Amino acid sequence: MGKLAQMMTARRGRGRLHWTDVFSYVYLAFGVVLMFGPVVWLVLSSFKTPAGLVEFPPTFLPLSQIEVEVEGHRKPLPLYRTTLEDGTVRDLAQIRRIGIVSQMVDPENPDQTYKVPIDQREEIREFRLALENYSDPLERFNFLKYLSNSVIVTVVATAVTLLINSMAAYGLAIYQFRGRNAIMVFVIGTLLIPITVILVPVYLVVTQLGMINSLWAVILPGAATPTGVFLLRQYMLTIPKDLIEAARMDKASEWQIYSRVVLPLATPAIAVLAIFSIMWRWNDFLWPLIVLNRSEVYTLQVGLNAFQGELDVQWHYILAMTVVTLIPVTLVFAFLQRFITTGIANAGMK
Amino acid sequence: MAQTDHAEHDTSSLSDRLTALAAWPVHLVFRLLEWPFAALQRLVGIRRMPWLFLAPNLVFFGLFVVIPLFINFAFSLTGGTQLFLSDRPFVGTEQYGFLLDCETFGDPVTCREDRFWKGIYNTATFIFFQVSFMVLFSLITALILNREIRGRGFFRAVFFFPVLLSPVVVALIWKWILLRDGILNAFLVSIGLDKILFFVSPEWSMFWAIFVSIWAHMGFYTLILLAGLQAIPPDLYEAAEMDGTRPERVFWRITLPLLWPNLLVVVVLALIKGVQIFDEVFVLTGGGPGTATQFIVQYIYNTGFTDQVQNFGLAAAASVVLGVVLFFLTMAQLAATRRRDDG
Chain A
942 MGKLAQMMTA RRGRGRLHWT DVFSYVYLAF GVVLMFGPVV WLVLSSFKTP
992 AGLVEFPPTF LPLSQIEVEV EGHRKPLPLY RTTLEDGTVR DLAQIRRIGI
1042 VSQMVDPENP DQTYKVPIDQ REEIREFRLA LENYSDPLER FNFLKYLSNS
1092 VIVTVVATAV TLLINSMAAY GLAIYQFRGR NAIMVFVIGT LLIPITVILV
1142 PVYLVVTQLG MINSLWAVIL PGAATPTGVF LLRQYMLTIP KDLIEAARMD
1192 KASEWQIYSR VVLPLATPAI AVLAIFSIMW RWNDFLWPLI VLNRSEVYTL
1242 QVGLNAFQGE LDVQWHYILA MTVVTLIPVT LVFAFLQRFI TTGIANAGMK
Chain B
235 MAQTDHAEHD TSSLSDRLTA LAAWPVHLVF RLLEWPFAAL QRLVGIRRMP
285 WLFLAPNLVF FGLFVVIPLF INFAFSLTGG TQLFLSDRPF VGTEQYGFLL
335 DCETFGDPVT CREDRFWKGI YNTATFIFFQ VSFMVLFSLI TALILNREIR
385 GRGFFRAVFF FPVLLSPVVV ALIWKWILLR DGILNAFLVS IGLDKILFFV
435 SPEWSMFWAI FVSIWAHMGF YTLILLAGLQ AIPPDLYEAA EMDGTRPERV
485 FWRITLPLLW PNLLVVVVLA LIKGVQIFDE VFVLTGGGPG TATQFIVQYI
535 YNTGFTDQVQ NFGLAAAASV VLGVVLFFLT MAQLAATRRR DDG
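Top to bottom, those sequences are chains A and B.
Residue 942 is where the first sequence starts when you use the working numbering, and the numbers rise one by one after that.
Residue 235 is where the second sequence starts when you use the working numbering, and the numbers rise one by one after that.
Source of the hints: derived by calculation from the structure; they are not laboratory data.
Since the model is a prediction, treat every value here as computed from it, not as a measurement.
Any given hint might turn out to be false.
[What the hints assert, rightly or not] According to the in silico footprint, chain B covers these stretches of chain A (three or more CB under 8 angstroms from chain B):
(1) 968-982
(2) 997-1005
(3) 1110-1123
(4) 1136-1147
(5) 1156-1165
[Unchecked claim] Listed next, with one range per pair, are the computed distances between beta-carbon atoms:
(6) A:Asp1183 <-> B:Glu268: 19 to 25 angstroms
(7) B:Glu437 <-> A:Gln1053: 57 to 63 angstroms
(8) A:Asp1183 <-> B:Phe363: 52 to 58 angstroms
(9) B:Phe307 <-> A:Lys1192: 45 to 51 angstroms
(10) B:Glu437 <-> A:Gly1040: 41 to 47 angstroms
(11) A:Tyr966 <-> B:Pro436: 34 to 40 angstroms
(12) B:Leu255 <-> A:His959: 49 to 55 angstroms
(13) A:His959 <-> B:Leu470: 16 to 22 angstroms
Note that the Cβ used here is the ideal one computed from N, Cα and C, for glycine as well.
Could you build all of it, start to finish, from the sequences and the hints given here?
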């Protein structure tokens, strides 16, 4: 035991356990529960049946009552652990309930029925994942459509952003020309004007271009990002000028220098921008909410919001769809966390 | 990254192959664009090529940022319900007059457009608590994560994870927890308290709006502060230890002053984000109960897009007011960032 305690309390540096160390670990443990707990609860809840969801107090794991096929009855019957008058306890299936009495049948012996007061029986439950929460929305709602809309918006918008931002960054990083500084100031200046400030006029522009209720209305307005241009330009400035001069000597066109020399060298910065763009687009909400008014063009985020705003909220479907919406971001996080955190630490953007 | 060499080799060869597969359409597009760009280069000469590369991005900026900025002013000076400017009557500063018409500015009820002022007061309340507690908890978390802690990478990831979640997902997760028969009420009942209908009470709704937005964004600010803490030269701490300086003194005399520029950046960034709060709270509370959690952006959204009569002029005027506030905050951010990076 002494060895173990020593191991648990050992710290690099000074030897003794200071109260701040205890506080730190308590704080962190609490943080893990507070940050991960809600997500875990969401995932567990998403596997519960509608009956399991309205239960109060809620069960931790998704449980549902066992149902059995009994001869002579068309539907499967729910199973109860029943205490009979003589004190014996048996597993019986309920045929129907009349007031406070329920009519039960022995699944082993279908001819034998019992009348039991309902407080003498208890549900028999098993661990079961209600996978239909996930499969039903695929058939019953436009969920698959929302999913594909979100994927299209994310992929196309990211491709457009990477192309035009890297071209602009190349123009600003590689060439010396009159007006370059003015353009840089202009690019940084557009940072001052977030979409929340120009909702009405951008809506007008998008309407004029005939893009309302099409995915282009979501893709195009945010495609040119000042942060992207800035990030890529700063990276491209570090590429040695000699390389570009050498390519020009070899009679490469400017486009070839851009696409075959500079872009491959700027891959790390482009990867960071790609990750950010994917997250921005997948999570985008306010702007799609304004320009997408028909269910066929909804993205996941807008569709989810529409579902939760309905009068009769179908939580079992909403929770499952929320989990699906969460999966891509979680995967990106699991594999690319390091990129994202260093990107944020360096660029101070989100 | 605790993979064996063998596994790493396998995944890298697979990812190489996937990358090559994903890359070929990209190569194709760049190849196809080669000829037209070469032709353009012959036409305009190499000196004008940068403009050609800049053109697409500048067209987008012009179309979706610069032109809208001017149209926004034009909108705010017109009335009526038509979307197209040519159909809208010029009303001068009437919209601004309507927005700013208050008997006393201290009380939203005395204003003609009380929803706008309610939005401003709500936003101010929200920002005050959200920014102060978020910065406080980000600082504590960053200080703890900066210690020699086992599993530091894991804990950092845990605090950062909610940052990536979409606002809609964040709001739904918490709405599910806070429902009348939700798990939080189950906990309250289990310790002998009564259920609380959180979304019926204005105070609780505001509390949870603040709490949830801190939960979702704290990791981002923690990360910036952590980067700032790690940039503090370790020899300063070593020197302090040799002098036998007390830890509290080290914090107040070394850590805090050297972190101050970063803290300033974090405060201003949080203010800029806070003024524009919309998504999470809109899904969580819908602005309710009544207008208890309706913020400025939701006022603009409602006025311009969801009200029976779409009042674009009024929405544009409110956007201009929001834009002015954001302009000053962004200036403060640039000043703070410059001070940090120079100092």
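Status of the hints after comparison with the structure:
{"no.": "1", "hint": "968-982", "verdict": "holds (count 10)"}
{"no.": "2", "hint": "997-1005", "verdict": "holds (count 3)"}
{"no.": "3", "hint": "1110-1123", "verdict": "holds (count 7)"}
{"no.": "4", "hint": "1136-1147", "verdict": "holds (count 10)"}
{"no.": "5", "hint": "1156-1165", "verdict": "holds (count 5)"}
{"no.": "6", "hint": "A:Asp1183 <-> B:Glu268: 19 to 25 angstroms", "verdict": "holds, 23 angstroms"}
{"no.": "7", "hint": "B:Glu437 <-> A:Gln1053: 57 to 63 angstroms", "verdict": "holds, 59 angstroms"}
{"no.": "8", "hint": "A:Asp1183 <-> B:Phe363: 52 to 58 angstroms", "verdict": "holds, 55 angstroms"}
{"no.": "9", "hint": "B:Phe307 <-> A:Lys1192: 45 to 51 angstroms", "verdict": "holds, 50 angstroms"}
{"no.": "10", "hint": "B:Glu437 <-> A:Gly1040: 41 to 47 angstroms", "verdict": "holds, 43 angstroms"}
{"no.": "11", "hint": "A:Tyr966 <-> B:Pro436: 34 to 40 angstroms", "verdict": "holds, 38 angstroms"}
{"no.": "12", "hint": "B:Leu255 <-> A:His959: 49 to 55 angstroms", "verdict": "holds, 54 angstroms"}
{"no.": "13", "hint": "A:His959 <-> B:Leu470: 16 to 22 angstroms", "verdict": "holds, 20 angstroms"}
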